[in-house]
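Trainee: Please model the entire structure based on the sequences and the hints provided.
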Amino acid sequence: MTVLDMDVSDAKRMARMRVINRIVIYGLLGIFAVLYLMPLFVMLVTSFKTMDEIQGGNMLALPRSPTLDAWVKAWGQACVGLTCNGISGYFWNSIKMVVPAVAVSTVLGALNGYVLTKWRFRGHTLVFGLMLFACFIPFQSVLLPMATILGNITRFGITLRSTFGTSFGLGDPTANLAFVHVVYGLGFTTLFFRNYYAAFPDELIKAAQMDGAGFFQIFWRIMVPNSLPIIVVTVIYQFTNIWNDYLFASAYAGTGDAMPMTVALNNVVNTSTGVVEYNVNMAAAMIAALPTLIIYVVAGRYFVRGLMAGAVKG
Amino acid sequence: MAFLEISDLRKRFGSLEILKGINLSLDKGGFLVLVGPSGCGKSTLLNSIAGLEPITSGDIRIDGRRVADLHPSKRDIAMVFQSYALYPNMTVEGNISFGMEMRKIPLAERKAAIERVSKVLQIGHLLDRKPGQLSGGQRQRVAMGRALVRDPKLFLFDEPLSNLDAKLRVDMRTEIKRLHDTTGTSMVYVTHDQVEAMTLATKIAVMRDGEVQQFGIPSEIYNNPTTIFVADFMGSPAMNLLPARVENTGGSVSVVLARADGDELRLAVGEEKGKLLLRGPTPNLIVGIRPEALTDPAGADRHAKNVVEAECQIEVVEPAGSDTFAVTRLAGKDVVARLRGDALVHAGQKTFLAFNMDKAVFFDPATERRIA
Ligand SMILES: Nc1ncnc2c1ncn2[C@@H]1O[C@H](COP(=O)(O)OP(=O)(O)O)[C@@H](O)[C@H]1O
Ligand SMILES: [Mg+2]
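Residue numbers (the working numbering), protein chains in the order written: chain B, 1 to 314; chain R, 1001 to 1372.
Take the hints with a grain of salt, since some may be wrong.
Computed far set for chain B versus chain R, every beta-carbon distance over 12 Å [said to hold, decoys possible]:
#1 51
#2 52
#3 71
#4 164
#5 207
#6 217
#7 218
#8 222
#9 225
#10 236
Which bits of chain R does chain B cover? Going by a derived footprint, with three or more residues having C-beta under 8 Å, they are [what the hints assert, rightly or not]:
#11 1098-1107
#12 1159-1167
Straight line, CA to CA, 25 Å or less: simulated SDA-like cross-link-like pairs of lysine to any residue [unchecked claim]:
#13 1130(R) / 216(B)
#14 1177(R) / 1013(R)
#15 1130(R) / 214(B)
#16 118(B) / 1070(R)
#17 118(B) / 1071(R)
#18 1074(R) / 302(B)
#19 1074(R) / 146(B)
#20 118(B) / 1025(R)
#21 118(B) / 1043(R)
#22 1167(R) / 1211(R)
#23 1333(R) / 1167(R)
#24 118(B) / 1351(R)
#25 118(B) / 1119(R)
#26 1074(R) / 203(B)
#27 1074(R) / 120(B)
#28 118(B) / 1333(R)
#29 118(B) / 1039(R)
#30 1177(R) / 1227(R)
#31 1111(R) / 221(B)
#32 118(B) / 1017(R)
#33 1130(R) / 302(B)
#34 1104(R) / 120(B)
#35 118(B) / 1227(R)
#36 1130(R) / 220(B)
#37 1020(R) / 1064(R)
#38 118(B) / 1052(R)
#39 73(B) / 276(B)
#40 118(B) / 1082(R)
These are calculated hints, taken from the structure and not from any lab test. None of the values given here were measured: they were computed from a predicted structure. All residues carry an ideal CB built from backbone N, CA and C; glycine is no exception.
Mentor: See the structure below:
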């Protein structure tokens, strides 16, 4: 055997090792991907099946004759507790709570970040530290104090109603929930925007000041239009958290017509009149998950970009 | 009364005093350059004039009016920033018109002003682009356009050329000078580049650690530096600053420098300076000789009264085309001489150099101040 032969066989061995490495890596990735997608897959196929097919067949099998019946029933007729009007009303409850809560907490977070980085005041680090601390407060410890505050707000709303004929929305469970989520989310949104704006050039603010722009003009005309990545990150984060929240929802709007989607879904699944309608449950769960899925698909690529943007100073 | 007057201006960040009593003035239409090493407080001073930093004490007057308490937009000032600070979300046109929009100037007037400025700066074809789609030089022009469109009383520039490559920097420097000549507007210009300072200024303020070391016209700063710092900072290659001893032998005063081989080099100074040196606080001082005052004998200034020729060992030769720089050693330091471009010198050779002592300056090493 010559030296050259040895080199060739070495190179061959290395190439083979590389191939094996690839196979192992992609194999593992594939397995985990399948594992993660499995529940979604089962939900999806089950929601398109009839009850007969579910009882008789394989959980993983594709539906023989796909039907939207279960989706229609979940939306319009499924029973939530004693009322059987489907989940549509609760879906809108969630929308009515999430959209204002996300919008308000994002705008306030942006304003906080703007002030904390560009209009520094004495003690700004302390304020930011406290805001940061708010991110680490567990949900559970907020429950009781918040219930007291909401109680006071509700009482104030009743007073308003008896004097002005309207409570201005104070005490309405949906408004209450939105308020809770704004307060709880503010720490996170402030953190996101503060870090993003810390890397935002101060000279732009100075230039705008020389141009005669005021505090809010600089915010709306200069800061906000240049914040798309971090706005997307914040909106996705807040939307997913608030939409998926169950604890606050069940604590402050856990009964009656004001229930948000998550609580209603739980009730659909727990309302058993005879057979468990898996296809309807799955369809309801899919409907509940749809908005967050859509948000990810539409804005997902900005999400990654936005997360990176804070990391690398531009 | 001068157009711009800064008196005893102080600025503190917390307990740190960044500007320690600045006094400057500029006549109408003048070009004041603030020059100094990084971190000496040039930007802080400029921001104070602009109103972007509140001042701790002192006074700033523009055209006779106290501006220290006025908002930046009310001072009738325009500023060009180091990073250009163009609004990334707006087009070039939007950037230039933003200030006018904030001042509620009617659309027709805005359009006319944009057209005027874009003609002056030749950026008409860029108006629809975003700053991200422009080259460095184009951004620079747009930033100047944004300042120019305001037609202010005073222009402020904060190192506007430091982000450009060398060639473009020289071009834009000329452009700024032309702008100053055509508009006649007073300007304050910050740079750490002493060449920029010399070429642009009608007045230079050399700053160090929050103080103005010297304030004067460029030739004054260059030829008569009052401190070692100014002498060293202005000029390229830098002034040779050499430790020496004053001696009075038989009525003629000279300074004595140690040579590399242990001998001494004796440079006779003129009568006038000699008297000052003898009266000075110390026999040990620092001699400052600019490279162009140290040449080959044939290239020496014929009108100089006190020229000393001495043989020196040349260690390094750096031809630079128009000039040849030769390095020799004196008083334990490298000394740069500036010879004619075609001077015949070689490294390792001994040659005669002419010391123009008319141009030499002398400093007290303890106070770093000028003696003569
Ligand atoms: N906002 C600030 N807070 C504290 N120190 C500052 C601030 N801005 C500038 N400084 C300090 O003031 C000094 C002068 O800064 P600057 O005016 O930017 O210098 P230059 O423009 O000459 O490089 C520096 O030491 C800098 O660290
Ligand atoms: Mg600076």
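Trainee: Hints first: check each against the structure and report whether it holds.
Mentor: Cross-check of the supplied hints:
1. At roughly 55 Å from the closest C-beta of chain R, the C-beta of residue 51(B) stays outside 12 Å, upholding its exclusion from the interface.
2. At the 12 Å boundary, the C-beta of residue 52(B) stays outside the reach of chain R, the nearest C-beta of that chain being 58 Å off.
3. No beta-carbon of chain R comes within 12 Å of the beta-carbon of residue 71(B); the shortest separation is about 42 Å.
4. Its beta-carbon lying about 39 Å from the closest one in chain R, residue 164(B) satisfies the requirement of being farther than 12 Å from that chain.
5. Residue placement check: residue 207(B) does not keep its beta carbon more than 12 Å from all beta carbons of chain R (closest about 4 Å).
6. Listed as a non-interface residue, residue 217(B) fails to keep its Cβ farther than 12 Å from every Cβ of chain R; the least gap is roughly 7 Å.
7. Annotated as non-interface, residue 218(B) brings its C-beta within 12 Å of a C-beta of chain R; the closest such distance is 10 Å.
8. Against the 12 Å criterion, residue 222(B) falls within the reach of chain R, whose nearest CB is about 6 Å from its own CB.
9. The claim that residue 225(B) lies off the interface is violated: its Cβ sits roughly 4 Å from the closest Cβ of chain R, which falls inside the 12 Å cut-off.
10. At the 12 Å boundary, the C-beta of residue 236(B) stays outside the reach of chain R, the nearest C-beta of that chain being 22 Å off.
11. Coverage of the stretch 1098-1107 of chain R by chain B holds. Counting CB-CB distances below 8 Å, 4 residues qualify, and the rule asks for three or more.
12. With 0 residues having a beta carbon nearer than 8 Å to a beta carbon of chain B, the stretch 1159-1167 of chain R misses the requirement of three or more and the stated coverage is violated.
13. Restraint check: the Cα-Cα separation between residue 1130(R) and residue 216(B) comes to about 23 Å, which is no more than 25 Å; the hinted pair holds.
14. Of the pairs offered as hints, the one joining residue 1177(R) and residue 1013(R) is violated, with about 34 Å between alpha carbons and a cut-off of 25 Å exceeded.
15. Restraint check for residue 1130(R) and residue 214(B): the C-alpha separation of about 23 Å stays at or below 25 Å, so the hint holds.
16. Between residue 118(B) and residue 1070(R), the direct Cα distance comes to roughly 20 Å. Compliance with the 25 Å bound is thereby established for this hinted pair.
17. For the proposed pair residue 118(B) and residue 1071(R), the alpha carbon gap of about 17 Å is at most 25 Å, so the pair holds.
18. Between residue 1074(R) and residue 302(B) the CA atoms are separated by roughly 40 Å; this puts the pair beyond 25 Å, and the hint is violated.
19. For a cut-off of 25 Å, the pair hint linking residue 1074(R) to residue 146(B) is broken: about 47 Å separates their Cα positions.
20. Taking the CA atoms of residue 118(B) and residue 1025(R), the gap is about 32 Å. The hint is violated against a cut of 25 Å.
21. Our distance criterion of 25 Å between C-alpha atoms is met by residue 118(B) and residue 1043(R), whose separation comes to about 18 Å.
22. Pair hint residue 1167(R) plus residue 1211(R) does not hold up; C-alpha atoms about 32 Å apart against a cutoff of 25 Å.
23. A hinted pair counts as satisfied when its Cα atoms are at most 25 Å apart, and residue 1333(R) with residue 1167(R) does not qualify at roughly 33 Å.
24. A distance of roughly 62 Å separates the Cα atoms of residue 118(B) and residue 1351(R); the hinted pair therefore is violated under the 25 Å criterion.
25. With a C-alpha separation of about 35 Å, the suggested pairing of residue 118(B) with residue 1119(R) is violated against the 25 Å cut-off.
26. A distance of roughly 18 Å separates the Cα atoms of residue 1074(R) and residue 203(B); the hinted pair therefore holds under the 25 Å criterion.
27. Proposed proximity of residue 1074(R) and residue 120(B) is supported: the alpha carbons are some 22 Å apart, at most 25 Å.
28. A hinted pair counts as satisfied when its Cα atoms are at most 25 Å apart, and residue 118(B) with residue 1333(R) does not qualify at roughly 49 Å.
29. For the given pair, residue 118(B) sits about 21 Å from residue 1039(R) by alpha-carbon distance, which is consistent with the 25 Å threshold.
30. Distance restraint check for residue 1177(R) and residue 1227(R): the Cα-Cα separation of roughly 28 Å exceeds the 25 Å cut-off, and the hinted pair is therefore not satisfied.
31. At roughly 20 Å between alpha-carbon atoms, residue 1111(R) and residue 221(B) fall within 25 Å of each other, so this suggested pair holds.
32. Distance restraint check for residue 118(B) and residue 1017(R): the Cα-Cα separation of roughly 22 Å lies within the 25 Å cut-off, and the hinted pair is therefore satisfied.
33. The hinted pair formed by residue 1130(R) and residue 302(B) meets the criterion: a straight-line CA distance of about 21 Å does not exceed 25 Å.
34. Proposed proximity of residue 1104(R) and residue 120(B) is contradicted: the alpha carbons are some 29 Å apart, above 25 Å.
35. Only pairs whose Cα atoms come within 25 Å are accepted, and residue 118(B) paired with residue 1227(R) is rejected, the gap being roughly 39 Å.
36. For the suggested pair residue 1130(R) and residue 220(B), the alpha carbons sit about 18 Å apart, so the restraint of at most 25 Å is met.
37. Between residue 1020(R) and residue 1064(R) the alpha-carbon distance is near 23 Å, which keeps this suggested pair within the 25 Å criterion.
38. At roughly 12 Å between alpha-carbon atoms, residue 118(B) and residue 1052(R) fall within 25 Å of each other, so this suggested pair holds.
39. Pair hint residue 73(B) plus residue 276(B) holds up; C-alpha atoms about 14 Å apart against a cutoff of 25 Å.
40. Our distance criterion of 25 Å between C-alpha atoms is met by residue 118(B) and residue 1082(R), whose separation comes to about 18 Å.
Checked against the numbered hints above, the structure violates hints 5, 6, 7, 8, 9, 12, 14, 18, 19, 20, 22, 23, 24, 25, 28, 30, 34, 35; every other hint is satisfied.
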